[in-house]
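Chain B is already provided as a structure; the job is to place chains Y, G and W on it using the hints.
For the protein sequence lines, the chains are B, Y, G and W, in the order given. My numbering puts the last residue of the first sequence at 368; the count rises by one with no breaks. My numbering puts the last residue of the second sequence at 368; the count rises by one with no breaks. My numbering puts the last residue of the third sequence at 368; the count rises by one with no breaks. My numbering puts the last residue of the fourth sequence at 368; the count rises by one with no breaks.
Everything labelled a hint here was simulated from the structure, so no lab data went into it. Don't take every hint at face value.
No copy is singled out in the list; a pair is fine if it fits within one copy or between any two copies.
Computed cross-link-like contacts, DSS-like style, restricted to lysine-lysine with a CA-CA straight-line distance of at most 27 Å [as the list claims (entries may be wrong)]:
id: 1; residue 1: K138; residue 2: K48
id: 2; residue 1: K282; residue 2: K241
id: 3; residue 1: K282; residue 2: K267
id: 4; residue 1: K357; residue 2: K267
id: 5; residue 1: K48; residue 2: K130
id: 6; residue 1: K130; residue 2: K267
Number of protein chains: 4
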Amino acid sequence: MPAPITVGVVGAGRIGKMHAENIKNFFPSVRVKTVVEANLTPEISAWGAGLGFATVTGDPAVLFGDPEIDAVLICSSTDTHADLVIDAARAGKHIFCEKPVDLTLDKVVAALAAVRKAGVKLQVGFNRRFDHNFARARQHVAAGAIGTPHLVKIASRDPAPPPVSYIAVSGGIFLDMMIHDFDMARFQAGSEVVEVYASGAVLVDEAIGKAGDVDTAVVTLRFANGAIGVIDNSRKAVYGYDQRLEVFGSKGSVVAENDLPNTVKVLTETEVTTDKPLYFFLERYRDSYLNELGAFFSAVAGEAEVPVTGEDGLRDLVAAIQTRQKERSICPSPSRS
Amino acid sequence: MPAPITVGVVGAGRIGKMHAENIKNFFPSVRVKTVVEANLTPEISAWGAGLGFATVTGDPAVLFGDPEIDAVLICSSTDTHADLVIDAARAGKHIFCEKPVDLTLDKVVAALAAVRKAGVKLQVGFNRRFDHNFARARQHVAAGAIGTPHLVKIASRDPAPPPVSYIAVSGGIFLDMMIHDFDMARFQAGSEVVEVYASGAVLVDEAIGKAGDVDTAVVTLRFANGAIGVIDNSRKAVYGYDQRLEVFGSKGSVVAENDLPNTVKVLTETEVTTDKPLYFFLERYRDSYLNELGAFFSAVAGEAEVPVTGEDGLRDLVAAIQTRQKERSICPSPSRS
Amino acid sequence: MPAPITVGVVGAGRIGKMHAENIKNFFPSVRVKTVVEANLTPEISAWGAGLGFATVTGDPAVLFGDPEIDAVLICSSTDTHADLVIDAARAGKHIFCEKPVDLTLDKVVAALAAVRKAGVKLQVGFNRRFDHNFARARQHVAAGAIGTPHLVKIASRDPAPPPVSYIAVSGGIFLDMMIHDFDMARFQAGSEVVEVYASGAVLVDEAIGKAGDVDTAVVTLRFANGAIGVIDNSRKAVYGYDQRLEVFGSKGSVVAENDLPNTVKVLTETEVTTDKPLYFFLERYRDSYLNELGAFFSAVAGEAEVPVTGEDGLRDLVAAIQTRQKERSICPSPSRS
Amino acid sequence: MPAPITVGVVGAGRIGKMHAENIKNFFPSVRVKTVVEANLTPEISAWGAGLGFATVTGDPAVLFGDPEIDAVLICSSTDTHADLVIDAARAGKHIFCEKPVDLTLDKVVAALAAVRKAGVKLQVGFNRRFDHNFARARQHVAAGAIGTPHLVKIASRDPAPPPVSYIAVSGGIFLDMMIHDFDMARFQAGSEVVEVYASGAVLVDEAIGKAGDVDTAVVTLRFANGAIGVIDNSRKAVYGYDQRLEVFGSKGSVVAENDLPNTVKVLTETEVTTDKPLYFFLERYRDSYLNELGAFFSAVAGEAEVPVTGEDGLRDLVAAIQTRQKERSICPSPSRS
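So here's chain B without its partners, still in its complex pose (with noise of 0.2 Å):
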């Protein structure tokens, strides 16, 4: 049984409201007292006081200047991030902060600076290493139980594209969906990135090519240790979520499939059907959301070190960045307009 640990959580957007529920309904060690939310409404405080936190207010000071809090959940518009990370470093917090810490690499940098000179603890919010099947692969490969890796392959599609708004601020496809599959790679891999080369296309909507940004990639990577990794990613799979992947090496391959909603199996005159792979995130990673939190909590606890550091989220951006770059310079996709 861990020591109890207070926390605060900034924002109460769709993600952050998911961690502070489960923090309450599955970590019974674990109070949030705290929750900071920019834009305060009436439905957020009272959903707030229904699950018995102590606080909602709109003003971060409150959070950050009070003793009792051990760790805060940077979970607000990714803007805000980096300069949340700063101040709760400064404050002394351990800090939880959702992917990415920013788009430019600057600021990352500074935040970065910041936790190692406060000392604190930061975690970046990847979750996907806690997901059931990932980190299943990931044991296997770390095991030797396929030799040493010569490819790393990585399937990462949505079930639809998000709108176009979004694309304009979000950093485009490499910086806002494929930066996870980056660090995917570089889990499974067990190696860092040194070499990248992106081919994309427009091929969903037209009008994300109008925004600046592609909907559909293939990107290799090198790694260090000598392996490729490729990554596609599409913003419209219209059968569902589409999460796999494959870690091939000198002793054998490990593959994760996607997790169906059941196992059930219809055979009739003409075919056999199953159900389709589960909808979206939020479904498809319930698990690795709860287990990226007790891997957090752990660490604050002292019991463990932090699994997924601001260094590999600073990594998983420089990818990123250079993929996006190639992407634009060498690769105009003809049927773009």
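Then chains Y, G and W, alone, in the frame of chain B:
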């Protein structure tokens, strides 16, 4: 958003605690006010207090006499179920009762009569009907996807036998284990059992045979609609909890396979391996326990009918008792001591 | 390279032709010299000449009197098998006989006696033992991979019923269809059947019931080694030929699923689909027909024992006849006309 | 029943023998009259005589000068293909030529010109298009089941590398191995390659690197229709021959998995295991070799068009050569010696 419901839970063993915690975590409009536990310990009191339950007591009268309590969950030992159902019915409480209501037909009949007289709702805890796989299979069957059912096949095997001391009081494999499968077979067939035949053997542990039970059994059922059912049970499947079924009909077949803990497969020089099925019922049927409570609370709120009635429980018990008699009188296992 | 073998084939129906062509194409050291067909037509003569078979005749004496012929394949209609076995044995020919040797025990016993007296080899055509799936399953069981067998489960369903006229002479579902499964059950269990129980129904076609047979059946077996078996048969699985089995034991379980024509799956907005199982036995068991011939020729060449003996055929027939008696006397199906 | 066709086979190595035997066993209306083998041995002559082929000779002129011969199968070493195609075309024979027609573009262009001038049919031996899995996948794509293709992904890995001496003359991994995958990618995409990018590494065997080749490669393709392709090759997949693909599009995805030798799975206390994929191409693509011959003979009989043209072979070669150039000039592998 349904109207708020206040419940009491009788029995704070493994299942009672799970239900109470599930209500706390997943049913915000349902309040657990009172927990009754005959063998009250400081640990149980602390557990209840920690979860914010107002009263934890050894006296069921506190619960039945409380006008705020709308419904009661009966999760105590089997031999107390029937009397508690009667008490709860007389007190005008809706009832969720863990299966079986009793091991003797007379007591079940008496309990159902009390329920009917009081006009309260009674749901019996055959949670597997709410499992994501089996519920989906039934959906297909009910929708006519496989035409008229001809065969219902159920494999149901535990990872390890219970203590022999448990078998001595449980009613044996047909009443403590296969009763779930009788209920599932009736549910999937959409028809009542009109004939049973049993073939049992002691193959797992001689001590089970000495206790007067079998540990391995195949039972054939005939349904009123003409379909044939077959259930196999084993007390010991070393590879984990084995829960599968098939409904075969005039237009096709629907098959529900085991859940695996992950989708990972490892290919090596010698073979391809995956992890084995989930270990036991708390993992395997995790979602079904939530779903059955949700269905009960909907019924209490007047939004739906109770999906598993006392009549269902009675019919399952009749099938189990008849099967036990058949196995014992007709087919003495040559391997039994 | 085995010594050259010269064979004759009796019966040029579907199975006889298939065996003759398989020998021609895949067994270069075996020569089909003579084909005997009672209902000789110009087409059959042309077929044989086209394949280079020296003699195509209506007279079996040509074959049995030919000292060049080492072995004979009996592929004629079932009612001629026993007499042909006796004739072949007396002529000193090794015998491969399609199953069953006969539908009556007396004639089978007489045929086996003739074989024993002549000292020739007899293999009965239970080809499924040589199927890539079922042979592999048996290998695992025989190697102890699942410990001591406790349960043997077989699903065996045809894509469509035969003509009712066939059922009238075939001996019915237990003798023309399930006899294959009795053989498979004995093969997998590695033990003999000591008790049977049958539950049959007429669910596919009323005309089958009027012909005195059932079209759907579940049979429970008890083996000498204590294991329990269960076989289900249906005359009509609309999704194709359904041939699966499981052997469950003290250390695990081995499962053989259906073959599919390809590994392709299609994921769409509504579901995931694959093609259904192979249509019928000539496709499904294609390799098994080659393998059983190979085993027979090895036995003829003195390199191995015959793997499916006349005794096997006799025991399968006994199980089938007893099951038919049980089904008829004990369990009149309520739905039968 | 097609008109009888008489063919000659040039080259009696592994592939030439296989084709000749397949014709003998499975195409009754096609006669192999002549086999030409430059390195004629008594064994080869005996093999041909045993199969009833009229002439086995070392002199191709015998074949090309024979007016009875309708078509020729060129199965000799790659460096002889182009000249033999030209000779056959001039002699007015239809041509089935094993891939590739040549390793140099000039010679292929010259051979295709000769074919065009002579007005004979030419089919190149890209047998994988006729594989039961890949042909079925293409059927779905062509039927619009997945809408417009966006991504074509191919995994293609050999069980073990060829001798280094072979690599020195084969043209390397892109020309001897990935050329099959370029053809498959074009076939599935239904579009031509307009851009390639290659990333290769020496991870399997240093000696391959010393011979100037890579043993592991990921190649990205851009198609004229806007789709993106990605192919991965490895010279060594220890778990067997790995041949899978996916075509992802606007309305879904089609996935073709590996063939397994059987459907058996074994569940034990520690895991679930199946056998690994079929070992190599003669097993895996057994049916495709028959199907491609069937298609060629249909074309020769005038019943259909040749499904894999010389133009196809030329385009595949162009893609392979461009890829090899890209890999060598742009991406020096850090791990290569």
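Evaluation of the provided hints:
For the homomeric pair K138 and K48, the shortest alpha-carbon distance inside one copy (26 Å) is at most 27 Å, but the shortest distance between copies (48 Å) is not. Taking CA atoms no more than 27 Å apart as the test, K282 paired with K241 passes between copies only; the shortest distance there is 23 Å, against 46 Å inside one copy. For a Cα distance limit of 27 Å, the shortest separation of K282 from K267 across copies, 9 Å, qualifies, whereas the shortest one inside one copy, 35 Å, does not. For a Cα distance limit of 27 Å, the shortest separation of K357 from K267 inside one copy, 23 Å, qualifies, whereas the shortest one across copies, 31 Å, does not.
Taking CA atoms no more than 27 Å apart as the test, K48 paired with K130 passes inside one copy only; the shortest distance there is 16 Å, against 37 Å between copies. Only within a single protomer do K130 and K267 lie at most 27 Å apart by alpha-carbon distance; the minimum there is 22 Å, versus 37 Å between protomers.
Checked against the numbered hints given earlier, the structure satisfies every one of them.
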